[in-house]
Structures are given as C-alpha cells and as structure tokens.
Amino acid sequence: MFATFILALRSAGLPTSVTEHLALLNAMRSGVCDYSVEDFYFLSRATLVKDERHLDRFDRVFAEVFKGLERPEGEDHELMQQLPEEWLRKLSEKILTDEEKQLIEAAGGFDKLMEMLRQRLAEQKGRHQGGSKWIGTAGTSPFGANGYNPEGVRIGQDKSRNRSAVKVWDKREFKDLDGDVELGTRTMKLALRRLRRFARQGAATELDIGGTIKATANNAGSLDLKMVAERHNAVKVLLLLDIGGSMDDHVRACEELFSAIRTEFKHLEHYYFHNCIYEKLWKNNRRRKDTETTTWDLLRTYGPDYKVIIVGDGAMAPYEIVNPGGSVEHWNEESGKVWMQRITRHFRRTAWLNPVPQDQWRYSASTGMLSEIMEARMFPLTLEGLDGLTRELAR
Amino acid sequence: MAFKSTASYIATRDLEVAVNAAVALQRPLLVKGEPGTGKTVLAHEVSRALGMPLIEWHIKSTTKAQQGLYEYDAVSRLRDGQLGDERVHDIGNYIVRGKLWEAFEADQQSVLLIDEIDKADIEFPNDLLLELDRMQFYVYETRKTVVAKQRPIVIITSNNEKELPDAFLRRCFFHYIRFPDRETMEQIVQSHFPDVKQELAREALNVFFQIRGVNELKKKPATSELLDWLKLLMIEDLPPEVLRSADSKVVLPPLHGALLKNEQDVHLFERLAFLSRRQPQR
Ligand SMILES: Nc1ncnc2c1ncn2[C@@H]1O[C@H](COP(=O)(O)OP(=O)(O)OP(=O)(O)O)[C@@H](O)[C@H]1O
Ligand SMILES: [Mg+2]
Numbered sequence: 001m002f003a004t005f006i007l008a009l010r011s012a013g014l015p016t017s018v019t020e021h022l023a024l025l026n027a028m029r030s031g032v033c034d035y036s037v038e039d040f041y042f043l044s045r046a047t048l049v050k051d052e053r054h055l056d057r058f059d060r061v062f063a064e065v066f067k068g069l070e071r072p073e074g075e076d077h078e079l080m081q082q083l084p085e086e087w088l089r090k091l092s093e094k095i096l097t098d099e100e101k102q103l104i105e106a107a108g109g110f111d112k113l114m115e116m117l118r119q120r121l122a123e124q125k126g127r128h129q130g131g132s133k134w135i136g137t138a139g140t141s142p143f144g145a146n147g148y149n150p151e152g153v154r155i156g157q158d159k160s161r162n163r164s165a166v167k168v169w170d171k172r173e174f175k176d177l178d179g180d181v182e183l184g185t186r187t188m189k190l191a192l193r194r195l196r197r198f199a200r201q202g203a204a205t206e207l208d209i210g211g212t213i214k215a216t217a218n219n220a221g222s223l224d225l226k227m228v229a230e231r232h233n234a235v236k237v238l239l240l241l242d243i244g245g246s247m248d249d250h251v252r253a254c255e256e257l258f259s260a261i262r263t264e265f266k267h268l269e270h271y272y273f274h275n276c277i278y279e280k281l282w283k284n285n286r287r288r289k290d291t292e293t294t295t296w297d298l299l300r301t302y303g304p305d306y307k308v309i310i311v312g313d314g315a316m317a318p319y320e321i322v323n324p325g326g327s328v329e330h331w332n333e334e335s336g337k338v339w340m341q342r343i344t345r346h347f348r349r350t351a352w353l354n355p356v357p358q359d360q361w362r363y364s365a366s367t368g369m370l371s372e373i374m375e376a377r378m379f380p381l382t383l384e385g386l387d388g389l390t391r392e393l394a395r
Numbered sequence: 001m002a003f004k005s006t007a008s009y010i011a012t013r014d015l016e017v018a019v020n021a022a023v024a025l026q027r028p029l030l031v032k033g034e035p036g037t038g039k040t041v042l043a044h045e046v047s048r049a050l051g052m053p054l055i056e057w058h059i060k061s062t063t064k065a066q067q068g069l070y071e072y073d074a075v076s077r078l079r080d081g082q083l084g085d086e087r088v089h090d091i092g093n094y095i096v097r098g099k100l101w102e103a104f105e106a107d108q109q110s111v112l113l114i115d116e117i118d119k120a121d122i123e124f125p126n127d128l129l130l131e132l133d134r135m136q137f138y139v140y141e142t143r144k145t146v147v148a149k150q151r152p153i154v155i156i157t158s159n160n161e162k163e164l165p166d167a168f169l170r171r172c173f174f175h176y177i178r179f180p181d182r183e184t185m186e187q188i189v190q191s192h193f194p195d196v197k198q199e200l201a202r203e204a205l206n207v208f209f210q211i212r213g214v215n216e217l218k219k220k221p222a223t224s225e226l227l228d229w230l231k232l233l234m235i236e237d238l239p240p241e242v243l244r245s246a247d248s249k250v251v252l253p254p255l256h257g258a259l260l261k262n263e264q265d266v267h268l269f270e271r272l273a274f275l276s277r278r279q280p281q282r
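Going down the list, the sequences are from chains A and B. Note that the working numbering has the first sequence beginning at 1, numbered continuously upward. Note that the working numbering has the second sequence beginning at 1, numbered continuously upward.
Bear in mind the hints are in silico, worked out from the structure with no lab data behind them. Idealized CB from N, CA, C, for every residue including glycine. Please note that the accuracy of each hint is not assured.
BS3-like mimics (lysine-lysine), calculated; alpha carbons at most 25 Å apart, straight line [stated by the list, open to error]:
{"id": "1", "chain 1": "B", "residue 1": "Lys162", "chain 2": "B", "residue 2": "Lys197"}
{"id": "2", "chain 1": "A", "residue 1": "Lys266", "chain 2": "B", "residue 2": "Lys119"}
{"id": "3", "chain 1": "B", "residue 1": "Lys219", "chain 2": "A", "residue 2": "Lys226"}
{"id": "4", "chain 1": "B", "residue 1": "Lys99", "chain 2": "B", "residue 2": "Lys60"}
{"id": "5", "chain 1": "B", "residue 1": "Lys261", "chain 2": "A", "residue 2": "Lys266"}
{"id": "6", "chain 1": "A", "residue 1": "Lys236", "chain 2": "B", "residue 2": "Lys119"}
{"id": "7", "chain 1": "B", "residue 1": "Lys261", "chain 2": "B", "residue 2": "Lys231"}
{"id": "8", "chain 1": "A", "residue 1": "Lys226", "chain 2": "B", "residue 2": "Lys231"}
{"id": "9", "chain 1": "A", "residue 1": "Lys236", "chain 2": "B", "residue 2": "Lys162"}
{"id": "10", "chain 1": "B", "residue 1": "Lys60", "chain 2": "B", "residue 2": "Lys4"}
{"id": "11", "chain 1": "A", "residue 1": "Lys226", "chain 2": "B", "residue 2": "Lys197"}
{"id": "12", "chain 1": "B", "residue 1": "Lys261", "chain 2": "A", "residue 2": "Lys226"}
Derived Cβ-Cβ restraints for the label pairs, each shown as a range [as the list claims (entries may be wrong)]:
{"id": "13", "chain 1": "A", "residue 1": "Leu207", "chain 2": "B", "residue 2": "Gln150", "range": "37 to 43 Å"}
{"id": "14", "chain 1": "B", "residue 1": "Leu130", "chain 2": "A", "residue 2": "Leu192", "range": "49 to 55 Å"}
{"id": "15", "chain 1": "B", "residue 1": "Leu130", "chain 2": "A", "residue 2": "Thr293", "range": "41 to 47 Å"}
{"id": "16", "chain 1": "A", "residue 1": "Arg288", "chain 2": "B", "residue 2": "Ser224", "range": "34 to 40 Å"}
{"id": "17", "chain 1": "B", "residue 1": "Asp237", "chain 2": "A", "residue 2": "Ser259", "range": "41 to 47 Å"}
{"id": "18", "chain 1": "A", "residue 1": "Thr301", "chain 2": "B", "residue 2": "Asn160", "range": "34 to 40 Å"}
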C-alpha cells in the first residue's frame, strides 16, 4: 500500500524520496497520530510534501489511492503483494535518484528495502488489527486504471466512483498554490522574480580594504577589519534557442523573459540553432550567414562557468540527433548527440527549457533522447519548471 | 507530552500532527505560510507546551551558517596580541558560541527557532545540513567536537523568498499554515481577546474577510493585522454598528490603517468605495 502510494506520488511529479518514505513509517510506528485516516493524511502530508505548490497534487493522489478506504466492507488485500516484484523494482530503478539508490544499497539493496517495507507493514498490521483500516484496504488498485502506461503509474480514472462523504483531501484547499500551470501574463511577473533571484545569487561579503585602512588608522593602528557585501551579480548565462519551428512563439517569449532582466546578469549571451545543435550556431536569425559562429568557437569563448539554457521543443526525427548527416538543413559530419555532449561536458551547468507541456513529452521519442543526453535536466516552461531550472543551474 | 492547541494559540489538527511528528522523530519542522499567520509564535507555543526553553535565531540576509555554530573573533585576538594581553595565548577565549552551540550545550532539551531562513544566502541551509542531521560539529580552532547533549527541537520558518535545497527539505517535516477559515479565526480572536464584545468581533471579522476577498490587494491583511485592528477598535470603544454597512456597499473601515498598510491598497479601497457609492440603489 505504502509503496503504491509513494510511487503514485512520484509519478504525479512529487519528489518524495526513500528518506521520507522511511520517515513516514517511523512516524507511524512512534504513534504520534491517532489511527484515523485523517491523521494519517496529515502525517503523510507533513512527511512527504515539502512545497505548498505540491499540496493539491498530493490531495488528488491521496484521494485516488486511498479511495474507498473507509468503506466498512473493504476487502482486505495487500496491494504490495499484488504487484510483481520485478515490476516494482524496474519502476523504482527508473524513478529513484542516485542518492536514493545508494541509500538502498547501504541498507542492503533493493530486496532489503522491500523486505523492510513488508516487515514494517506486517508490524503495523499485527499491532492495530481491525483498528486502522489504512493498510491494505485499497478499494481499487490505481494500477488497474484504464490504460497503464509504462512511463509511470497512471492515476486518475473516474473519480466519482466510490466517493463517500467529502474528506479533507477531497476539498482541494491548496489548489491555488499549484505552480504547474503554463506561463501567462499573470505568471510572467512571478517568473521574472524567480529569474531575478537566480541572477542575484551569491551575495558574499568581501574585505573593504579602504574602510579597513581608515578604521585601523582611527584605532591607532589596532586592526579593525571592515567587510562590505559583494555587489555585482555573478551569474553568466548562455541562451541557446531553437528557432524555425512550431514553437517559435514560445521560444520568443522565453527570449523576452530573459532579456527583460538582461542587466541583472553579469553576462547574458544568446545564439540560435534549428532543432538540434550541430557544428554552427548564429546570433541573428535574419542575417544567419553573417552572424554564424562555430560551436567549437562557442566552447572556446565561453568558460565552463557559463550557465547554459537551451530552449526548444526537442521534437524532431530521432536520426536528427543520432545520425551523422541527420540534420534537415545541411550535411553534418558529426551527429547532434556528439555536439550536445560536447556542450554538456564543457559547461558545468546546463539545462533544457521545453515549452511543450510536460505531459506530452513522452509522445516524442526525440524529446526523451535529448532529456537523456541532458541527464534529465529538461524543464517545462512553467513557474515550477523555472524553479527547477534555476535551482539546477544555481547548484 | 504532546503539543496541542491551547487557550493562547489555536493550532489546527494538521499542525498538531506535524509538530508532534517532528518532535518524535527529532527532525526539523519547516513552517511556511502567509506573513502574520503565526509561524514565529508557533515556536514560542511549542516551547511553552513542552516546557522547554526557547532559543531564537533570527536570520538576516547577511547571516552565515557558521555564525550559528561559532565565530572566531580574530580581530579581538589581534588587538589583544598588540596590547600584550595574556588571554591571547588561548584561542578558546576568542571562540564566540552561536545559537546552535547554545542549544547543543544546554542542560535541558530546548526548542531552537531558526526564523525566516529564506532571508539568508541560498547556501545557508546546505551549510547547516550536516550539523542539524548529526547534531554535532567540529571546532577547527580548538580541535574539539561539540555534540548535542540532547537534540533540540528545531522549528524553521520561511516566507518563501528563496527556494530551499532538496537535500535540506528531505530531512524536514513540512507544514504550510493555510490561512485560517472563519471558524478558526473566531477562535484566534477569542484567544487574544477573551472579553471582546461578540457583536464587535463578528462585525470586524465580516469586514476583515470582505477585505481579504479583494484579490487586487498588494498585501492582504493577515491574522496579525486583524488582531492589531481589533485592539484599536476596542481601545477606541467603537460601537459595532459603525462596521456594518446597511447594504453591501464597500466602505473604508474605521482605523483601516491597521489593516491596509500599503498606500496603493488604501487607494484601491477608496476607489472601490467611490464606485459603490455611485451605483444606483437597488
Ligand atoms: N493560530 C493562532 N493562534 C493565536 N494567535 C495567532 C495565531 N496565528 C497568528 N496569531 C497571532 O498573529 C500574530 C502574528 O504572528 P507571527 O508573528 O508568528 O506571524 P508570522 O507568520 O511569523 O509572520 P511573519 O511572516 O510576518 O514573520 C501574533 O500576534 C500571533 O499571536
Ligand atoms: Mg515571523
């Protein structure tokens, strides 16, 4: 049941980790809450959600996974046991971060984890037989939902079935806090604020030499150190924009977004490409030939400390990425993938901003390939996406 | 000993659960919510409910994580050196203890409030990860490790000015104080002003929630503004009737300065009031 719940949360985009999963189990064992579904809801929410924007999504998943929970006649089957272990293992491998995998490794591997889970669940069960109904009494398996999709667990079928009285989580009180909507005029200001914050990071203090000398002199030679806040904005950004496709409007919007706060960055440079990055980029799309730069020059010109943001829909034929000569415009000696990898290796921080809504990414094979090359640092053009992006780049 | 809603602090059930989980599992509790919704006061209440001393660390934009552990006052030492003070030979004399050290060394378990963590540099939370996790740190200058005698209960507040790093978040329990609904707010008012005239409280809450309903406000008044305003109303001993507008017209409430702190918001309200006066009577 728990595993199901956690997996469902993760596929809904909540970054819950094994650490939190175990914390929840421990909290339940420590008896900090009553054995009521509502307290369990509060406890799991406090443990698994770390951002108010995710509260609404949490509520939805909770409602879905635990629906029918309070039905007295609920058949008592353990969801965990229904799920083939191999399947769980595969799924977990796909969604766990490296850090988490290590944690599991340290605890004796995945089998150990599953065993631990099962054991804890059994303990729970033994202790509160009959009392608590929230273990193993899922009304319906969310995995049986119409059309299981291999990329994750699809939650969300007909919600009205099995609905009893309105529960806390069904009230959806945190709906307005969800940041996962596309950027519009309303959210633009917020987006700008986020970028500005990103541009201004790293306000360290530095020694004020003039002030120190003066203060020390005033002090009759006893040293008196003076510090001042470092003023300049240290962030340098290199924007690479895909131009000439169906997403031009969005790409432009993105470009404007960045140029609106151009002065906040120490440097902000931009170049264009088409579909995928190959051996050449250009600065002005109308005078493309005159403004071309080779990608090698780009790598020589901008140091690894530049934060690279690639903007594009990533939708193209797979051969445009993997095959030499795959470009739709010219003959490229080396594949797009090779060039992409040169970029991700040269720059310490790179990320991809994709204006296509995230739930559609999986329909495009090339998007998946690029995301893989980017090591999953692909973010949607939403407030939340920008948060993820800036956080990634600020690391 | 569990944390519960008290006569002076109204805690919703979800907050009680979150606090008690954090206490039981000895992990920090991160509290967010609109300004003025009782984040800072929560730590005070927890310390009172659990009978533990409160150690407060208020974060500013210049606060460094290291300051919470200790600071080496090199300048004093240099000065003492120049003046030939004997103390200079013991570096320990120049180690200034921070709030975390204080909490670690206390004889009794304490509540440590790290208030407005988002004010600091983005690296700040990361820099405290290990110390809050292990509840110990190493003092390089004296080559000693300071280990917590008891793990303090850590309550961290944030106003969302900066994102907190994932690794930090993973270690915390999280509670978002949702803006109190009418019923909860009535209880909060009662807890602060047990002998407020019921009629006044009711009318004031009507006005308050009406104002909060105006989405265009730059800064919506929160609990603290409501309480300030009510206090003024009580001091001035205004009759509840002045808060009641005969029809549903918008008026600028008396002593509105306590509720609307932003000039633009006051203007907005004046405009709304003006428009609603001009509307023909129905
Ligand atoms: N649930 C509550 N019960 C009783 N009093 C409350 C409650 N919530 C808020 N208050 C009162 O509201 C006032 C503001 O609280 P507090 O200063 O803790 O808010 P805050 O969230 O820390 O605000 P800020 O973000 O501005 O620091 C205090 O006077 C407090 O007593
Ligand atoms: Mg406060």
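(request) List, from low to high, the hint numbers that the structure doesn't satisfy. (result) Hints 1, 3, 5, 8, 10, 11, 12, 14, 16, 17 contradicted; others consistent.
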